[in-house]
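Could you put together the complete structure from these sequences and hints?
Protein chains in written order, with my numbering: chain A, 1 to 393; chain B, 1 to 73.
A couple of the hints might just be wrong.
[Stated by the list, open to error] Computed far set for chain B versus chain A, every beta-carbon distance over 10 Å:
| # | residue |
| --- | --- |
| 1 | Val20 |
| 2 | Glu29 |
| 3 | Arg42 |
| 4 | Lys70 |
[What the hints assert, rightly or not] Here are the computed lysine to aspartate or glutamate pairs in the DMTMM-like style, where the Cα-Cα straight-line distance is at most 20 Å:
| # | chain 1 | residue 1 | chain 2 | residue 2 |
| --- | --- | --- | --- | --- |
| 5 | B | Lys66 | A | Glu255 |
| 6 | A | Lys35 | B | Glu50 |
| 7 | A | Lys377 | A | Asp363 |
| 8 | B | Lys70 | A | Asp231 |
| 9 | B | Lys66 | A | Asp87 |
| 10 | A | Lys42 | B | Glu43 |
| 11 | A | Lys173 | B | Glu40 |
| 12 | B | Lys66 | A | Asp231 |
| 13 | A | Lys214 | A | Glu255 |
| 14 | B | Lys21 | A | Asp231 |
| 15 | A | Lys232 | B | Glu69 |
| 16 | A | Lys55 | A | Asp110 |
| 17 | A | Lys232 | B | Glu43 |
| 18 | B | Lys70 | B | Glu22 |
| 19 | A | Lys384 | A | Asp344 |
| 20 | B | Lys66 | B | Glu50 |
| 21 | A | Lys55 | A | Glu329 |
| 22 | A | Lys121 | B | Glu55 |
| 23 | A | Lys175 | B | Glu57 |
| 24 | A | Lys175 | B | Glu50 |
| 25 | A | Lys101 | B | Glu69 |
| 26 | A | Lys337 | A | Asp355 |
| 27 | A | Lys50 | A | Asp87 |
| 28 | B | Lys66 | B | Glu55 |
| 29 | A | Lys148 | A | Glu130 |
| 30 | A | Lys173 | B | Glu57 |
| 31 | B | Lys54 | B | Glu22 |
| 32 | A | Lys42 | A | Glu329 |
| 33 | B | Lys66 | A | Asp176 |
| 34 | A | Lys35 | A | Glu144 |
| 35 | A | Lys35 | B | Glu43 |
| 36 | A | Lys121 | B | Glu43 |
| 37 | A | Lys341 | A | Glu330 |
| 38 | A | Lys173 | B | Glu55 |
What the hints contain is simulated information worked out from the structure, not anything from laboratory work.
Every residue, glycine too, gets a C-beta built ideally from N, C-alpha and C.
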Amino acid sequence: MIETDILVIGAGPAGSTAAKHAAIEGASVILMDKKSEIGSPKRCAEGVSKEGLTKLGIEPSTRWVTREASGVRMVSPNGTAVNLTEDKVKLPEAGYILERKVFDKHMAMDAGRAGAKIMVKTLATGMRREDEQVVVTAESMGQELEIKAKIVIAADGPESRVGRWAGLRTSLKPKDMESCAQFEMAGVQMEEPDCIEFHFGSMSPGGYAWIFPKGDDIANVGLGVLTTITDKTAYQHLLEFVKSNPATKNAQPVELNIGGDPVGGLLKKKVTDNVLVTGDAAGMVNPLTGGGIISGMMGGRLAGQVAAEAVVNGDYSKKSLKIYEDLCEEELGESFKKYLKAKDYLLSLSDEELDKIAEAFRDSDFETINTAEMVKKLVKISPKALLKLGKLF
Amino acid sequence: MGFNGQFFLKIIEWTDNMIVKEWCMYCGECAGVCPRNLIEVREISLNFNEKNCKECEICIQVCPVKALEKRDD
Ligand SMILES: Cc1cc2nc3c(=O)[nH]c(=O)nc-3n(C[C@H](O)[C@H](O)[C@H](O)COP(=O)(O)OP(=O)(O)OC[C@H]3O[C@@H](n4cnc5c(N)ncnc54)[C@H](O)[C@@H]3O)c2cc1C
Ligand code: SF4
Ligand code: SF4
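As structure tokens, then:
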């Protein structure tokens with residue numbers, strides 16, 4: 001039996017960050033992932049904010065930043081576009097477009113450099129409690145392993161099976177899980193190649209479509225749908241979007257990515273005895289944008305630090321880990337609640353309403369317009385905004 | 001034996017009722033919504049613990065590429 005202070009299951013951005021910070025605090029750490037290549041396949045449009053990386057203390061590297069995208073272009077169903085630039089408004093996922101396959105590996109390397117032991121191609125298959133600790137069963141290259149840990153950090157992404165082994169309710173209802181499909185394409189002709197693009201409307205029911213530029217004529221072109229309100233698959237919607245969009249109709253795919261994005265908001269119960277859940281598995285995804293890289297890493301850092309401190313104190317009980325929930329609430333919870341409201345409003349709009357709103361805002365000077373004026377303008381075209389967004393401002 | 005036999009048969013049928021299509025990409029979305037946590041997503045295969053399956057078909061519904069099917073007979 002292998003023994004360790006902390007076992008992190010899943011080496012995505014959240015797990016690697018948790019492992020790094022737990023190791024920095026002096027704990028013995030094992031980080032495992034079922035993948036043979038950490039970061040691959042990617043399931044992501046790869047947009048992150050510069051501010052987010054700065055907050056995490058991560059220096060951008062030319063190895064994993066493909067390009068900067070300083071603005072956001074929002075497009076309504078009839079093609080009306082509203083452009084926002086970084087210097088005028090704070091934009092959640094605008095900043096850098098990453099190469100996740102490289103980025104995720106580098107985050108894991110940082111964990112390794114901080115002292116974590118990394119096991120690739122190792123699948124956690126189950127969990128049991130033993131002497132106030134946790135024994136995780138795993139499989140690696142045909143071998144059955146048992147790892148005994150004082151604390152397990154479940155960072156296993158949208159599958160979120162590990163937390164459930166420990167009795168936490170991490171599974172999601174289909175209405176809280178975007179079903180996503182994406183092509184990475186070449187030959188994309190974007191009108192504003194410095195902007196990440198969002199397309200709203202019935203071509204992507206319950207979600208939106210995106211075009212995120214990766215330099216030259218390359219871009220991630222994808223969409224998310226709620227399968228509770230469409231009979232077509234995300235993939236079918238994607239094919240239709242690509243064919244009908246002027247920027248992509250002559251582009252060619254070089255990669256297909258699919259996956260689930262948990263957009264229901266932060267999971268309430270994130271800890272139990274010996275176990276913390278972080279990243280996508282704990283719903284650490286901006287419910288409006290679907291972005292979960294930065295927020296997952298924020299949560300991962302907290303998980304690693306709290307776990308390491310519990311090891312020092314020799315107390316791995318739910319009570320001792322509870323502080324993690326408060327810290328996450330502080331760091332992410334409040335803003336997520338606002339984003340959740342904004343999402344509900346956005347998803348309630350018909351194609352016609354979206355077109356009208358885009359029309360009204362497309363020539364706005366967002367530098368001079370203040371929030372109150374913006375809301376006034378919005379409520380004039382879309383009265384229900386008052387009801388749905390009221391408490392937001 | 002009649003009633004029990006039938007019941008037993010039904011369970012046996014169901015245990016290989018989930019068909020995973022060859023184009024499954026092991027993204028794990030189905031596993032994330034399975035209310036009973038029955039789907040193990042390996043790097044390139046999918047395992048169902050079908051004897052506890054309640055046939056809710058939520059896993060089939062969310063798949064972005066329709067790679068799951070229930071044998072219907
Ligand atoms: C199509 C799409 C587009 C997106 N676009 C963006 C975007 O532009 N910007 C953004 O910020 N976010 C985006 N997201 C969300 C983002 O990808 C996730 O929030 C992020 O990857 C979460 O990180 P994580 O570490 O929690 O989980 P993951 O990155 O999913 O990592 C989990 C890891 O756990 C491993 N694992 C799972 N189970 C086991 C097991 N039993 N044993 C061992 N290992 C296991 C997996 O192999 C995986 O490597 C997007 C998501 C999708 C689906
Ligand atoms: S959601 Fe579909 S593609 Fe993804 S693992 Fe499940 S069956 Fe395979
Ligand atoms: S049908 Fe329902 S219970 Fe059975 S595997 Fe699918 S989601 Fe799980």
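Check whether the Cα positions of B:Lys70 and A:Asp231 lie no farther apart than 20 Å.
Holds. B:Lys70 to A:Asp231 sits at ~17 Å (cutoff 20 Å).
Quickly compare the C-alpha distance for B:Lys66 and A:Asp87 to 20 Å and report which way the hint goes.
violated (42 Å)
Would you mind confirming whether the straight-line C-alpha gap from B:Lys66 to B:Glu55 stays at or under 20 Å?
holds (16 Å)
Take the C-alpha atoms of A:Lys55 and A:Asp110, compute the straight-line distance between them, and say whether it is at most 20 Å.
Holds: A:Lys55 and A:Asp110 sit about 16 Å apart, inside 20 Å.
Keeping to a limit of 20 Å between CA atoms, is the pair of A:Lys55 and A:Glu329 held or broken?
holds (17 Å)
Compute the least Cβ-Cβ separation between B:Lys70 and chain A, then decide whether it is above 10 Å.
holds (16 Å)
Examine each Cβ of chain A, and state whether all of them lie more than 10 Å from the Cβ of B:Glu29.
violated (3 Å)
Could you grab the alpha-carbon distance between B:Lys70 and B:Glu22 and see if it respects the 20 Å cut-off?
holds (14 Å)
Quick one, are A:Lys173 and B:Glu57 close enough, alpha carbons at most 20 Å?
Within the cut-off at roughly 12 Å; holds.
Satisfaction of hint between A:Glu144 and A:Lys35, Cα-Cα up to 20 Å:
Since the Cα atoms of A:Lys35 and A:Glu144 sit roughly 16 Å apart, the hinted pair holds (cutoff 20 Å).
Under the criterion that the straight-line Cα-Cα distance not exceed 20 Å, is the pair B:Lys21, A:Asp231 satisfied?
holds (19 Å)
Going straight from one Cα to the other, do A:Lys121 and B:Glu43 come out at no more than 20 Å?
holds (8 Å)
Of the numbered hints listed earlier, those contradicted by the structure are 2, 3, 6, 9, 17, 22, 24, 25, 26, 31 and 32.
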